[in-house]
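Undergrad: Residues per chain are reported as follows:
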Amino acid sequence: MLQTLLQVALTGATMGCIYALVALGFTLTIAAAGVVNFAYSEWVTYGAYIGVTLVAVLGLPLWLGLLLTVMLCAVLGYGFQLVVFAPLEGKHFLTTVSATIGVALAMQAAATLIWGPYALTLPTFFGSGSLTIGGVALFPHSLLIVGMTVVLIAAMQLALTRTDIGLRLQAAAQDPVAARLMGIPIRRMRTLAYCLSAALAGLAGFMVAPLFVVTTTMGFGLMLKGFAATIVGGWGSLKGAVLGGLAVGLIEAFGAAYLSSEYKDSIAFAMIVVVLLLRPSGLFPERIAEKF
Amino acid sequence: MRIGAGLLLLAVLLPLFIGNNYQLGIAHQALILILLASGYNLLLGFTGLVSFGHIALFAIGAYTSAILVVSYGLPFAVGLLAAALLTGVAGVLIAIPALRIKGHYLTLLTLALGEVIRLAIRGMESLTHGAAGFTGIPRPSVLGFTFRSGTELYYLLLACVVLGVLFIARLERSRFGRAFKAIRDGETAAEVCGVDTAAMKVLAFGLSAVFAGVAGGLYAHTMRFISPEFFSLSLTITLLAMVLIGGRGTVLGPVVGAVLLTVLPEWLRFVKDYYLIVFGLAIWACTMFLPQGLMGLAASVVARVRRPA
Amino acid sequence: MTALLAVSGIRKVFGGLTALDGVSFSLAAGQILGLVGPNGSGKSTLLNVLSGIYTPEAGEVHLAGQSLRGRAPHQIATAGLARSFQNQQLFAGLSVVENVLVGRACRLRAGVLASIFATPRFRREEAAARQQAEDLLALVGLGWAVGASVQRLSYGQRRLLEIARALASDPKVLLLDEPCAGLSQSEANDLAHVITRLKVNGLAVIVIEHNMRFVMGLVDRIVALNFGQKIGEGTPAEIRANPAVVAAYLGGSGHAAH
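Protein chains in written order, with this note's numbering: chain Z, 1 to 292; chain X, 1 to 309; chain L, 1 to 258.
No lab work stands behind these hints: they were computed from the structure. Where is the CB? At the ideal position from N, CA and C, for every residue including glycine. Be aware that one or more of the hints could be misleading.
[Said to hold, decoys possible] Cross-link-like lysine-lysine pairs, in silico, DSS-like; alpha carbons within 30 Å at most: (1) K239(Z) <-> K91(Z); (2) K102(X) <-> K264(Z); (3) K264(Z) <-> K239(Z); (4) K272(X) <-> K91(Z); (5) K199(L) <-> K172(L); (6) K239(Z) <-> K272(X).
[Said to hold, decoys possible] Computed footprint of chain L on chain X; a stretch qualifies when at least three of its residues, placed anywhere within it, have a C-beta under 8 Å from a C-beta of chain L: (7) 67 to 80; (8) 240 to 254.
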């Protein structure tokens, strides 16, 4: 009984961390530029595929593969800034959303052409074995995901609040007009946000790949969970994205274990609906000073 | 007006040039999607409300008619009417939270609602036959006449499309059309000008849902088979692209968009895997270079010709 | 004198900042009231409260004896209060005449089916509304632009269009938020002329304007605000001699010397 409970909690926490990573990157562009990026799914997918290519095809060591994947994804984010976000800045949100949907479709189809229609796999750092402690199966890779997420979030928090560039990024996000008057280069700050966002997506894709298989649609499902985390946590709040991701992961795992696994995929959607109807500001909203 | 009449003439004569049932089937699909996209345009193009759950209403319409006609033996006309009513009610129910929720929130709420409805349809196996799909739906029949041949069915669908497009054209020139566009261009200003924005939004949701319901009912009886997989997010994206590429907020935009995006994949069969890449990039290019869509482009060309520099 | 518009004890707070504090005044039919005060004194907030965009924490607005408490902006418009905006709020996707017709929305009754089938009643109503819209456009000097798109109008012409749109609902009270901004001197004179003509027909007007020549020549009475409080009320001559008002302007941002 307790073992099952722990097992489910661990599964939920692992997925929650993945969702948190996904939601974090997704929220970054919302916070920095007010942009909802429907191509985020493809950033995650490409992260996994680039990882597979580097590790399984080119034979690079995993750690190097991870590093290069994250860097290549950051470049991808920069490319998006050039062809999608910068030209459409200030346009109606439907325009940006449609543009990202279009590019996402093209990228997904291109992935099928490049990597084929069949599922690929990525090895873990620790092989496929699992430890058993007190009747609870522990996958070392899951622990790595949890640990990595915690370290990463702590690092981001520090970078945003303690470093000069982090403070500028925050200023640019909160009040672009005032920040511009203070001489902060808004465009460059937004570019940084897109690159960071894509790097996080790539990291999430690379890390989640060994848990499942790599397919052209893997990113889409994760992005939907990222939506849910963003809504549950509070729109545009980085802290909310992390807590929301954990909440979605845990509720989904417990719902699947104790209610019905058939409806597992609807749980995240139901959470979006319920939270938006009852508490549109999310469960963990960031306090933003009310402006007169 | 003249473009519309020209398109209608083409549409009436089209079966004379269509050789086989396969091509006629494509034409059926295009007509149903015109109806669906035109209704979606009421919401997206006229009123500026970005819903990503519209396909769920289409699904509700299709399943309502299929269940009533097949499982309960009711006539087609009753099934279609019930589909229109039930989706209309569903549309109004979605509109109520939409009054408080705006922009991105509304988009994500409707996306989630749409998926919940689709998964619920899949889950209610005793009623909908679940993931296996609903088979054996009869062809439409009205007052003892069954639209059995492809050509007969074509003209039934065309009649529905003509009525639907005329409905929207008339609505556009009334206080309702003006109110919808005013909400799109400035909600607070519209409200202060005396437009009951809440009532108008509910109306826009309700009417666009009725269009989806009728289109869904017609789809079920045309294809004779429906399954939850068909009503997925990718159809939502196709629908969005039809309205955007055709020209949102214009009467004929969705008509042009729906025809184009139904026929093009057939013509471009030889490029197969590349089609989706082209399609995706076309949506992107449209947002960059053709923000008002093809009909918007046509309107500005006409304006330039009439007023030479 | 019976008050057409009675405003009493309006208080509006934004997150701890008091934007309006117990503002009261009244207005009779055919009167023009100027609302003056330094930037941030609460003038625009007051108009937003009157038109229902903001809900006040305290106070009451009566229009022709009816309380406007708890009414939505469109209901207030229907009750007979129309306005123009400081930052222009035209409907960019509608033609000039259609913009005016939206202003008529609350007076049109045709239902969806009547509109679809173009019943005689619908046609009569539409024709009358269109005629009125064209007359209003002619009144503000935009008769030439009926079918044009809003984008073809100059800044000043857009202001005039906003006023025509506001008049389309046959209001009893018209609120104008800086109507002269962007207008040339001759356009401003024309506008003053239009407002005077409407006044003769019994329209009450509240106008916020920094152009003092425009205000002093046009209005019957002035209400002066500072830090959300009414610091003076009277004829233009009385306000000019009011020490509190003079002090507010001299101590404030110095807008008086136009």
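Undergrad: Quick one: which hint numbers does this structure break? Sort them smallest to largest.
TA: 4, 6, 7, 8
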